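Those letters in the sequence shown? Residues -16 to -1, 1 to 522, per mature numbering (1 follows the signal peptide of the UniProt record, and there is no 0), in order.
Treat the hints as calculated values from the structure; they're not laboratory data. As the structure is a computational prediction, the values presented were derived from the model and not from experiment. Please note: incorrect hints may appear among the correct ones.
Stated by the list, open to error - Lysine-lysine pairs mimicking DSS-like chemistry, simulated, CA-CA at most 25 Å apart:
{"no.": "1", "residue 1": "99", "residue 2": "118"}
{"no.": "2", "residue 1": "342", "residue 2": "432"}
{"no.": "3", "residue 1": "38", "residue 2": "99"}
{"no.": "4", "residue 1": "455", "residue 2": "432"}
{"no.": "5", "residue 1": "342", "residue 2": "430"}
{"no.": "6", "residue 1": "398", "residue 2": "373"}
{"no.": "7", "residue 1": "398", "residue 2": "411"}
{"no.": "8", "residue 1": "455", "residue 2": "280"}
{"no.": "9", "residue 1": "344", "residue 2": "411"}
{"no.": "10", "residue 1": "280", "residue 2": "344"}
{"no.": "11", "residue 1": "99", "residue 2": "227"}
{"no.": "12", "residue 1": "411", "residue 2": "342"}
{"no.": "13", "residue 1": "510", "residue 2": "159"}
{"no.": "14", "residue 1": "430", "residue 2": "468"}
{"no.": "15", "residue 1": "38", "residue 2": "300"}
{"no.": "16", "residue 1": "344", "residue 2": "300"}
{"no.": "17", "residue 1": "38", "residue 2": "90"}
{"no.": "18", "residue 1": "99", "residue 2": "398"}
{"no.": "19", "residue 1": "300", "residue 2": "468"}
{"no.": "20", "residue 1": "90", "residue 2": "510"}
{"no.": "21", "residue 1": "159", "residue 2": "140"}
{"no.": "22", "residue 1": "140", "residue 2": "38"}
{"no.": "23", "residue 1": "510", "residue 2": "300"}
{"no.": "24", "residue 1": "90", "residue 2": "227"}
{"no.": "25", "residue 1": "38", "residue 2": "272"}
{"no.": "26", "residue 1": "272", "residue 2": "344"}
{"no.": "27", "residue 1": "57", "residue 2": "272"}
{"no.": "28", "residue 1": "300", "residue 2": "342"}
{"no.": "29", "residue 1": "118", "residue 2": "272"}
{"no.": "30", "residue 1": "455", "residue 2": "342"}
{"no.": "31", "residue 1": "455", "residue 2": "468"}
Said to hold, decoys possible - Label pairs and their computed distance ranges (CB to CB):
{"no.": "32", "residue 1": "94", "residue 2": "349", "range": "55 to 61 Å"}
{"no.": "33", "residue 1": "60", "residue 2": "500", "range": "24 to 30 Å"}
{"no.": "34", "residue 1": "484", "residue 2": "161", "range": "18 to 24 Å"}
Using N, Cα and C, we set each Cβ at its ideal position, and we do this for glycine too.
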Amino acid sequence: MAASMSISSLLSRSLAAAASSTLRSKGRISEVGRVVSRYGTTCASVENPNIPVKVNHTQLLINGNFVDSASGKTFPTYDPRTGDVIAYVAEGDTEDINRAVSAARKAFDEGPWPKMTAYERSMVLFRFADLIDKHTEELAILETWDNGKTYEQAAKIELPMISRLIRYYAGWADKIHGLTVPADSSHHVQTIHEPIGVAGQIIPWNFPLLMFAWKIGPALACGNTIVLKTAEQTPLSALYAAKLIHEAGLPPGVLNVVSGFGPTAGAALASHMEVDKLAFTGSTQTGKIVLELAAKSNLKPVTLELGGKSPFIVCKDADVDEAAELAHFALFFNQGQCCCAGSRTYVHESVYDEFVEKAKARALNRTVGDPFKAGIEQGPQIDSEQFEKILRYIRSGIESGATLETGGERIGSKGYYIQPTVFSNVKEDMLIAQDEIFGPVQSILKFKDINEVIRRANSTSYGLAAGVFTKDIDTANTVTRALKVGTVWINCYDVFDAAIPFGGYKMSGQGREKGIQSLSNYLQVKAVVTPLKNPAWM
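Could you build the full structure based on these sequences and the hints that come with them?
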């Protein structure tokens, strides 16, 4: 499957239906059962199938070895389908971060990784990508089990994207170079791009493996060493992937993985004096804390990929059927737990009523259930905290006067399943139109003209992404240049590619992930000036 293909095309309803028979007949996950046709029926029962992967890695990975936490403490990671414990994972704390940073510092200052040729580093990354492809099924099962996203999404979409991205950065490793700069005097001037040192990285729970790859790919290609903290909700897949990259030949200490909690392990990493660079993906509120800790310690540079409240704009010339389907995907993908979700659906007044009816019908037909089952589009939310938060926002929408078209309730009595929910007649001053809900809740707003919708779309503290659905190239160009966001998708959504930079304006973050732009996050630029004696030319 081409990793550059849009996620939206891969997750269309027709492909989901076609894939169901494939997933029934292939691989070790084949024993998982039937399809649920729509959310209004009984939720797909979780039969607790014999998950064909054993959780072998629950310790911290420090200096190439899996070790217990210094305190000996562990914490549970849960199955969102049931709320049951999957495994107990080592709970890293300040002392463990210190051990990991010490290992990373020694590996950078004394170890072979930054001293290898760039080609040698690239070959390690290429071998890692091959191992990801070889172990796709195990990684996808862990991702679904620990996170709740559908197995189809993890195995058929995300894992191919991950190996593609690692190969992309493997290809960059031996193409990072400086410049020869002409000077106004008799001097030879060159710039050198050097690895920044020890990178601290903190990843979220909504795309655990994808964010793992986004973080380590450019950092390793540039020759850095890493201490990475996983999200406490989803530690399992990153530990498995870290084992694979060591099998690929990564030297000890270059990549260290610590599972633990934000206020302890995360804070220790952000404030550590021996960490040279910090990268964080998560909420804007936590991003502010991370930035403050970095500034108060050694003023380490920080890359932030934070929250969003992205507008999806349906213009008056839109094909309403196509727009409703794409808007549905833009919001409900990954259970709505996506930082760039199209969570403010602006629809022109001339097609508003028709659009609302089609959006409602599509939500009613969304298949919700056990994410291991074939044909399921939506699994459970990540945990009880997020589950309850989403339900509070739904109640807020009802109380503030928005029209609940469909959904609004939990499904079943076990696990964290929520009905796909659609609100119409939403106003800007409602919390559901302002806050990042991070769940399967679509808010549909009405607009009259382009200037109005541009103003309203920009009237938020966020600026991560936007979608524009129109047949008019002039409208598309006008809106694209006016929106204060990092990514604009025109007549598509969630099209990701290893080469496409991703990041936000305003309080959606600083810096860019992916593409050539992310390399600069992990490099220092040094100018070297040498006198020239009697140069033949200048």
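Checked hints:
no., hint, result
1, 99 to 118, "violated (29 Å)"
2, 342 to 432, "holds (20 Å)"
3, 38 to 99, "violated (37 Å)"
4, 455 to 432, "holds (17 Å)"
5, 342 to 430, "holds (15 Å)"
6, 398 to 373, "holds (17 Å)"
7, 398 to 411, "violated (33 Å)"
8, 455 to 280, "violated (50 Å)"
9, 344 to 411, "holds (18 Å)"
10, 280 to 344, "violated (49 Å)"
11, 99 to 227, "holds (22 Å)"
12, 411 to 342, "holds (20 Å)"
13, 510 to 159, "holds (17 Å)"
14, 430 to 468, "holds (20 Å)"
15, 38 to 300, "violated (52 Å)"
16, 344 to 300, "holds (19 Å)"
17, 38 to 90, "violated (33 Å)"
18, 99 to 398, "violated (53 Å)"
19, 300 to 468, "holds (22 Å)"
20, 90 to 510, "holds (22 Å)"
21, 159 to 140, "violated (30 Å)"
22, 140 to 38, "holds (21 Å)"
23, 510 to 300, "violated (52 Å)"
24, 90 to 227, "holds (20 Å)"
25, 38 to 272, "violated (38 Å)"
26, 272 to 344, "violated (37 Å)"
27, 57 to 272, "violated (28 Å)"
28, 300 to 342, "holds (15 Å)"
29, 118 to 272, "violated (39 Å)"
30, 455 to 342, "holds (19 Å)"
31, 455 to 468, "holds (22 Å)"
32, 94 to 349: 55 to 61 Å, "holds (59 Å)"
33, 60 to 500: 24 to 30 Å, "violated (41 Å)"
34, 484 to 161: 18 to 24 Å, "holds (23 Å)"
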